[in-house]
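Asker: Listed below are the residues making up each chain.
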Amino acid sequence: MDAALPLRETRTAETGACHHCGETLTSDAIRDGNRAFCCNGCAAASTWIREAALGDYYALRTSPAGRVQADAADFGAWDRDVVLAEHSRLVPGGREITVLTDAMRCAACAWLIDRALRRQAGVLDAGANAVTGRIVVSWDPQRVALSTLMQRLSALGYRPWLATGEAREQAQRRERRRWLVRLGVAGLGAIQAMMFAEALYLDTAQQMPVATRDFFRWITFMVCTPVVFYSGWPFLEGMWRELRGRRVGMDTLIAGSTLLAYFASLVETLRGGTHVWYDAAVMFVLLLLVARMFEQRARGIASAQVDALARARPALALRERDDGSAEQVPLNEIVVGDILRVAAGEAVPADGVLLDHAASFDEALITGESTPVRRDAGDAALAGSVCREQSARLRVVRTGADTRLSQLTRLVEQAQSARPRLARAAERVAGGFVVALLLCAVATFAWWHVHEPARALEVTLALLVVSCPCALSLAIPTALTTAHGALARIGVLGVREDALSTLARVDRVVLDKTGTLSNGRPELDSVATFGHLDATAALSIAAALERGSAHPLAQAFAHVDADREARGVQAIAGRGIEGDVDGMHWRLGRADFAAAHTDDGALWLGDGTRAFARITIRETMREDAREAVAALRGVGVSVELCSGDAGDAVASFARQVGIDEFHARRSPEDKLARVRAAQARGEVVAMVGDGLNDAPVLAGADVSLAMAEGAALAQRAADLVVTSPSLLRVPQAIVLARRTQSIIRQNLAWALGYNVLAIPLAATGHVTPWIAALGMAASSLLVTLNALRLGRRERTSRRPA
Amino acid sequence: MNILLLLVPISLVLLGIAIGSFVWAVRRGQFDDLDTPAIDILRDEPLPAPRDDATETRDAD
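In order, the protein sequence lines correspond to chains A and B. Under this note's numbering, the letters of the first sequence match residues 1 to 801, in that order. Under this note's numbering, the letters of the second sequence match residues 1 to 61, in that order.
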């Protein structure tokens, strides 16, 4: 070794974070007064924000913005009529479009986007929703082009993507609003109906004149009708569906009890009987509607997946004309037989056959396979896969809804409409319960009809109302929704429905190193050179080779001034990269690949036989990694580190964070084998990775958490996505999952215990329908409040930093 | 008790108004996003200055 260049010293002076995106600054940072930026894009965005008097954004936001892409995409084709026709709709004065963005992370981002768009002349209205990641813009196409607006968004760091189509967006919005109106009508109507019903109840001494009593009854009937038939329509429809399918389910019981209470009351009103039960009918509808809303919210959390799929399919494709020139066309203009060009790093727009030469594709989204696969000319390339390293030409064989990606999108949508296993189990229990209950009701009615016919209807109704399994049906969805909400607040998104229940049972956590325990940003540590090459030249050659590479290590060289040009660069998976620089063939990678040495974990630069430089890369540990590992131990979970990196690096890392059990140089298959072995011992294993090359392990573990800095699309393999940069969220999520499980158990125990107690009482005639309705409401309320405890304690004790 | 004949219809009218305004608010999208508007109140904004083309071109690079 001739010289060791300590790079760390030269760079500490420059450390700091980008004012706009929070990225760690490097030597080529752009400085402007006391603020510094990581790149031109961020600087321009910040300047624009300040000049537009929107500087408050920096004070309001709770998480940093996304890094602005310097090479702004060309949105020119978004202005085409075909795109506009499919993705936007006509509104008075212009058009309206819904676009998705993935960088919007907090309300301040939404605020900034709103303001920024409204400043543009020709924009009629703009609304950004940080929760759904959607931006709705209406603009006047005569005055401003859509592409200008999208350019603006992109320049601020929020790259827009076309949503899955305006029709779908519209339908979702309409559906959400219809449920809200249903709930509003039920809430207001039920309160009013209860007020009138109270007047009847308070007349305990039966002193009210019959005319007044009937007047109140008719008024209650009027208020009650829209609640039962409009707000309660989903249940009526559900009953109809169930009966047509010759099944008896929850909807049948709900709608049946409601209709029975309603029509029995109507009959009593008409013939002037002693009791009416309108109040029971409306309260029933209201409480159950609330339960359904809770459940739907829990299900909606998973919709991020469909958005990821929507982003994977580009809106436009580059089609080759007969004369060899290329034109941009919208997807739906592509027909089978067209020849498309796909640039490196872009997604393939349609299923096709590869022409000319081999290329590699990242099919993580479609197959879950995270390492890019090599396809030779004549092989198939699937829509949604990302073309790596070099551009490709392909002939289209399938388009639109026939592509694998579209089929996959439909699958995910189906999975989303499926309910969590737990909730399904509760449903099955409730199904059997309903049948037993109906039999019970028939028996009760028959017995009372024989012995005391006047009370038969009342007692039966009380039985049906008091035993309504709504506490049972609320028990799980409310707890799950609150838990997901609390998780989202600390920066953990539950992507799969059953993730929480598995997470609660975890007793071993396997951690990946790069991107999980480390922050995934490699930095140059030292360079040692051999022979005639000096350190600067070695770095410059390495940087030239790594430029444009998608490998995480390439980031370490991103800030090195590379004045050289590399030609014919090829990446060899798991080994390194090779190419020609200054007329010489270079290899950069593992020692055995680059310099015919034995592998020592460092990065070597050589020509395949001789070594020229040895570069060590340092990884910075996440700030709270140590604390997180200790916290995991604290909740009784064993922790192990499994990494693909070399032994020494892994060992020193494990020591730093305090992990005794570590394994180095593990391929994804080895990692998966370790997980399987632990599972065979009866352990429930959680895998935490960055989702970049861990997809098989993430999928193989019982429950998996992906750190959000990893590849957005590879996160599909994970059950939970940790969006917060803190690793502490993992033990916190486990604690929360366990609490959720115990709350669910409490709720179920309560709901069942209550029914066991209440049904005999009701059947023997000790409960009047109104007491029954009260009992049922109190029972549901108790269950809901119990579930809400999950969110409350979380908020006070674990405020995200 | 005749006052009831006045009070009850009034309460029904109020109910109708309440439901009507709720439906109106839902249709206008007031409930679509419950998080973002909360932040608006933190700032009273000066009238937006019209942006000229000079700054626009500088942004583009």
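Do not take every clue at face value.
Partner residues are not named here, just some residues of chain B that face chain A (Cβ under 10 Å, in silico) [to be verified]:
id, residue
1, Leu-6
2, Ile-19
3, Val-26
4, Asp-32
No wet-lab data here; the hints were simulated from the structure. Note that the Cβ used here is the ideal one computed from N, Cα and C, for glycine as well.
Asker: Please go over all the hints and tell whether each is borne out by the structure.
Answerer: Taking the hints in turn, this is what the structure says about them:
Because the closest C-beta pair between Leu-6 of chain B and chain A is about 13 Å apart, greater than 10 Å, the hint is violated. The closest approach between the C-beta of Ile-19 of chain B and any C-beta of chain A is roughly 5 Å, which is under the 10 Å cut-off, so the hint is satisfied. Annotation: interface hint on Val-26 of chain B holds; nearest CB of chain A at approximately 5 Å, less than 10 Å. Interface restraint check: Asp-32 of chain B against chain A, minimum CB-CB distance 7 Å, threshold 10 Å, status holds.
The structure fails hint 1 only (numbered hints given earlier).
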